[in-house]
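Number of protein chains: 2
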Amino acid sequence: MSSPISDALRYRHGTDLADLDTRGTPGFDGSKSDAEKALPELAPEMADLQEKLFAAGYTGSDRRLLLVLQGMDTSGKGGILRHAVGLLDPGGMRLKSFKKPTKEELSHDFLWRIERELPGPGEIGIFDRSHYEDVLVVKVHQLTDAAEIERRYDAINAFEQRLVDEGTVIVKCMLHISPETQKERLLARLDDPTKQWKFKPEDVDERGHWDAYQAAYATALEWCSTEAAPWHVVPSDRKWYRNWAIGQLLREHLAALDLDWPEPDYDIAEQRARLENEK
Amino acid sequence: MSSPISDALRYRHGTDLADLDTRGTPGFDGSKSDAEKALPELAPEMADLQEKLFAAGYTGSDRRLLLVLQGMDTSGKGGILRHAVGLLDPGGMRLKSFKKPTKEELSHDFLWRIERELPGPGEIGIFDRSHYEDVLVVKVHQLTDAAEIERRYDAINAFEQRLVDEGTVIVKCMLHISPETQKERLLARLDDPTKQWKFKPEDVDERGHWDAYQAAYATALEWCSTEAAPWHVVPSDRKWYRNWAIGQLLREHLAALDLDWPEPDYDIAEQRARLENEK
Numbered sequence: 073m074s075s076p077i078s079d080a081l082r083y084r085h086g087t088d089l090a091d092l093d094t095r096g097t098p099g100f101d102g103s104k105s106d107a108e109k110a111l112p113e114l115a116p117e118m119a120d121l122q123e124k125l126f127a128a129g130y131t132g133s134d135r136r137l138l139l140v141l142q143g144m145d146t147s148g149k150g151g152i153l154r155h156a157v158g159l160l161d162p163g164g165m166r167l168k169s170f171k172k173p174t175k176e177e178l179s180h181d182f183l184w185r186i187e188r189e190l191p192g193p194g195e196i197g198i199f200d201r202s203h204y205e206d207v208l209v210v211k212v213h214q215l216t217d218a219a220e221i222e223r224r225y226d227a228i229n230a231f232e233q234r235l236v237d238e239g240t241v242i243v244k245c246m247l248h249i250s251p252e253t254q255k256e257r258l259l260a261r262l263d264d265p266t267k268q269w270k271f272k273p274e275d276v277d278e279r280g281h282w283d284a285y286q287a288a289y290a291t292a293l294e295w296c297s298t299e300a301a302p303w304h305v306v307p308s309d310r311k312w313y314r315n316w317a318i319g320q321l322l323r324e325h326l327a328a329l330d331l332d333w334p335e336p337d338y339d340i341a342e343q344r345a346r347l348e349n350e351k
Numbered sequence: 073m074s075s076p077i078s079d080a081l082r083y084r085h086g087t088d089l090a091d092l093d094t095r096g097t098p099g100f101d102g103s104k105s106d107a108e109k110a111l112p113e114l115a116p117e118m119a120d121l122q123e124k125l126f127a128a129g130y131t132g133s134d135r136r137l138l139l140v141l142q143g144m145d146t147s148g149k150g151g152i153l154r155h156a157v158g159l160l161d162p163g164g165m166r167l168k169s170f171k172k173p174t175k176e177e178l179s180h181d182f183l184w185r186i187e188r189e190l191p192g193p194g195e196i197g198i199f200d201r202s203h204y205e206d207v208l209v210v211k212v213h214q215l216t217d218a219a220e221i222e223r224r225y226d227a228i229n230a231f232e233q234r235l236v237d238e239g240t241v242i243v244k245c246m247l248h249i250s251p252e253t254q255k256e257r258l259l260a261r262l263d264d265p266t267k268q269w270k271f272k273p274e275d276v277d278e279r280g281h282w283d284a285y286q287a288a289y290a291t292a293l294e295w296c297s298t299e300a301a302p303w304h305v306v307p308s309d310r311k312w313y314r315n316w317a318i319g320q321l322l323r324e325h326l327a328a329l330d331l332d333w334p335e336p337d338y339d340i341a342e343q344r345a346r347l348e349n350e351k
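Chains D and U are the protein sequences, given in the same order. According to the working numbering, the residues represented by the first sequence are 73 to 351, in order. According to the working numbering, the residues represented by the second sequence are 73 to 351, in order.
Be a bit skeptical, because a hint or two may be false.
Which copy? The list can't say, so a pair holds if one copy fits it or any two copies do.
Derived lysine-lysine pairs resembling DSSO-like cross-links, with alpha carbons at most 30 Å apart [as the list claims (entries may be wrong)]:
hint, residue 1, residue 2
1, K104, K255
2, K267, K255
3, K267, K311
4, K109, K272
5, K351, K109
Keep in mind the hints are simulated off the structure, nothing from the lab.
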């Protein structure tokens with residue numbers, strides 16, 4: 073591996089999102105079919121790394137990983153769950169898809185419902201949408217007052233710093249698509265009887281706020297890309313690159329944990345004798 | 073497909089568990105390598121069926137599926153999660169591994185913690201251990217009084233009937249292994265530095281209660297294998313058969329839902345025009 077994909081995709085402060093190519097393939101040289109072949113080939117190494125993390129958690133370590141997926145409608149959160157996250161062992165994974173908050177959730181601080189879904193020791197948590205919705209859709213539609221939104225950026229940074237201090241590796245990914253790609257994908261949903269159920273007329277209304285969403289993303293990335301929990305911008309107009317990149321990001325961050333199999337805390341010979349000398 | 077695997081594995085009232093071959097391969101004719109090839113080949117059809125279920129839930133149906141996995145230590149719940157459940161789209165799945173109950177959980181009725189983990193509409197729920205622990209380990213170790221355990225069988229039947237009435241398909245599987253197989257697998261864990269962390273000296277203590285566990289399973293199967301929610305006994309000495317059988321059971325029960333793609337509740341031409349005539 074030459075340079076890590078996390079470096080290639082890391083958000084750099086001051087970047088204009090509009091300058092980042094949504095059709096780019098940073099860190100990947102090959103074709104679509106190369107990527108579709110390379111992604112499942114990550115599975116055996118990921119399985120090994122994930123099991124080491126799980127084993128560490130099982131034997132008292134506090135290490136864990138949290139993948140945060142954010143992006144406009146049709147940017148591919150669902151496809152990533154199927155193709156990249158689907159390579160993981162579901163037994164060591166904790167996935168949460170955050171929807172429009174309930175009345176009860178709204179009666180608490182915005183981080184309340186997030187807190188309840190954090191991965192446990194040894195687990196890989198996956199957030200399909202996240203606490204960032206509370207500075208994205210909430211900001212675009214002015215669902216709360218401006219001062220409260222301002223407060224949230226620092227609150228998010230403090231929250232994520234605490235998770236990192238607790239032993240969590242946070243991998244935040246914005247799935248970056250062009251408005252033309254979104255239009256194509258929405259039209260494709262309308263044309264396909266197996267996809268029509270995914271389409272909502274509100275999706276077209278939301279497109280009308282494209283620029284406001286991009287501005288809200290820009291602020292969130294600028295404010296909340298920290299040393300402890302940097303943002304990554306994943307070009308997502310090409311589904312095959314997007315899926316491969318997320319798989320690769322997971323692999324890299326798991327490998328960086330540099331975990332080994334835990335030492336047994338019992339006497340192996342003694343336990344073997346107990347089993348072999350059963351009456 | 074000749075006869076469905078759910079028929080071949082269904083628990084028949086009055087059966088003596090000891091008479092069921094733990095090395096059997098009911099419903100499968102081929103070899104180990106055939107089964108290891110056949111299992112991933114189920115994936116495309118399962119993906120289609122799962123997405124139809126998810127789409128139904130998304131558009132108002134209350135259908136859902138719950139797979140319950142029970143079995144002695146080393147019977148392969150973890151392997152099933154990796155190999156069979158791992159074929160599903162994690163986005164439409166809700167997996168819960170039940171551990172020793174917490175103090176808070178014990179302060180409630182035994183079904184309280186179960187209720188909170190049930191799959192939502194359109195979801196496939198997976199229970200790695202379940203409410204049956206409350207008539208298995210609890211009975212073997214007399215963790216509550218006999219009258220309370222007796223009460224629980226009927227409480228489970230009433231609970232499961234309610235879930236079925238709500239639209240849930242329940243697939244209950246006992247992973248059936250021989251004590252010799254368990255011994256082999258425990259010894260294999262001791263011998264393998266990548267598996268030693270899974271071994272606990274208490275596992276050997278628990279083996280001492282083998283017959284009491286088999287008796288507790290026999291009672292649970294006899295009492296709680298109902299028309300609404302039958303038990304299946306999956307011979308699990310051969311891992312490849314066990315994984316294939318669970319995949320096949322999932323596929324069969326998903327197919328039996330006989331779902332189609334939901335009809336759109338909006339006007340397709342109108343929405344296409346909105347997208348195409350954007351300013």
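Structure-based check of all given hints:
no.: 1; hint: K104 / K255; in the structure: within (22 Å within a copy, 48 Å between copies)
no.: 2; hint: K267 / K255; in the structure: within (15 Å within a copy, 50 Å between copies)
no.: 3; hint: K267 / K311; in the structure: within (17 Å within a copy, 37 Å between copies)
no.: 4; hint: K109 / K272; in the structure: neither (33 Å within a copy, 39 Å between copies)
no.: 5; hint: K351 / K109; in the structure: neither (52 Å within a copy, 40 Å between copies)
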